[in-house]
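The residues making up each chain are set out below.
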Amino acid sequence: AQSVAQPEDQVNVAEGNPLTVKCTYSVSGNPYLFWYVQYPNRGLQFLLKYITGDNLVKGSYGFEAEFNKSQTSFHLKKPSALVSDSALYFCAVRATNFKTIFGAGTRLFVKA
Amino acid sequence: EAQVTQNPRYLITVTGKKLTVTCSQNMNHEYMSWYRQDPGLGLRQIYYSMNVEVTDKGDVPEGYKVSRKEKRNFPLILESPSPNQTSLYFCASRWRGQGTEAFFGQGTRLTVV
Numbered sequence: 253a254q255s256v257a258q259p260e261d262q263v264n265v266a267e268g269n270p271l272t273v274k275c276t277y278s279v280s281g282n283p284y285l286f287w288y289v290q291y292p293n294r295g296l297q298f299l300l301k302y303i304t305g306d307n308l309v310k311g312s313y314g315f316e317a318e319f320n321k322s323q324t325s326f327h328l329k330k331p332s333a334l335v336s337d338s339a340l341y342f343c344a345v346r347a348t349n350f351k352t353i354f355g356a357g358t359r360l361f362v363k364a
Numbered sequence: 112e113a114q115v116t117q118n119p120r121y122l123i124t125v126t127g128k129k130l131t132v133t134c135s136q137n138m139n140h141e142y143m144s145w146y147r148q149d150p151g152l153g154l155r156q157i158y159y160s161m162n163v164e165v166t167d168k169g170d171v172p173e174g175y176k177v178s179r180k181e182k183r184n185f186p187l188i189l190e191s192p193s194p195n196q197t198s199l200y201f202c203a204s205r206w207r208g209q210g211t212e213a214f215f216g217q218g219t220r221l222t223v224v
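Chains A and B, in that order, give the protein sequences.
As numbered in our numbering, residues 253 to 364 make up the first sequence, in order.
As numbered in our numbering, residues 112 to 224 make up the second sequence, in order.
It cannot be assumed that every hint is accurate.
As the list claims (entries may be wrong) - Here are some chain B residues pointing at chain A (derived, C-beta under 8 angstroms):
#1 154
#2 172
#3 181
#4 213
#5 217
What the hints contain is simulated information worked out from the structure, not anything from laboratory work.
Every residue gets a Cβ at the ideal spot worked out from N, C-alpha and C, and that includes glycine.
Just chain A, with the same shape it has in the complex (with noise of 0.2 angstroms):
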């Protein structure tokens, strides 16, 4: 069965230090994965996503995330956390083309 891990609810950073979501991921085949952001008051917004190539893939806001498919991960990072940062974080995969599959969320939060 198809499923997404995002083992820690929250997420506590300093800005400026560096941040990693974490996410892993079980699913059949090749998998397509995705992350997302959540703000307040507001729909999912796309951030990055994984589907062949290069391991490290770079996206919005200064965000990567690193393929990993022996540890079958895809951990959301950047080097520099900004409290603007603060929001819902969500990792998802599709392994069909008609169902995506979310994790949790992870909250993350950067004090100032």
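Place chain B on chain A using the hints.
Quick look at chain B alone, frame taken from chain A:
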């Protein structure tokens, strides 16, 4: 501006009173879907549509209906809402293709009392 528009943004209703949440996209996307977001559960797919007149159930379709008569519109219908359908609902659209990202509406917060 490319967007997915949902209405209403907020709705409080009573048990059993039929309601419709509208969704419209202006990007000519083939694929549209509805999700509900509940704390600790992430987003769960209710229904999806691959194109006009083509719809199918997602993971949690019970108590919901949809229709896709036009490419741009994908309304969500609750024929007889119940309190367990109190949730935050999102409509999304994307191009056909496994690697395409989705565009989301701003959400509809529904409370059924």
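When the least beta-carbon distance from residue 172 of chain B to chain A is tested against 8 angstroms, hint result: violated, 13 angstroms
Against chain A, is residue 213 of chain B within 8 angstroms by beta-carbon distance? holds, 7 angstroms
Against chain A, run the beta carbon of residue 181 of chain B and see if the smallest gap drops under 8 angstroms. violated, 21 angstroms
Against chain A, is residue 154 of chain B within 8 angstroms by beta-carbon distance? holds, 4 angstroms
Under the criterion of a CB-CB separation shorter than 8 angstroms, is residue 217 of chain B in contact with chain A as hinted? holds, 5 angstroms
Against the hints set out earlier in the document, violations occur for numbers 2, 3.
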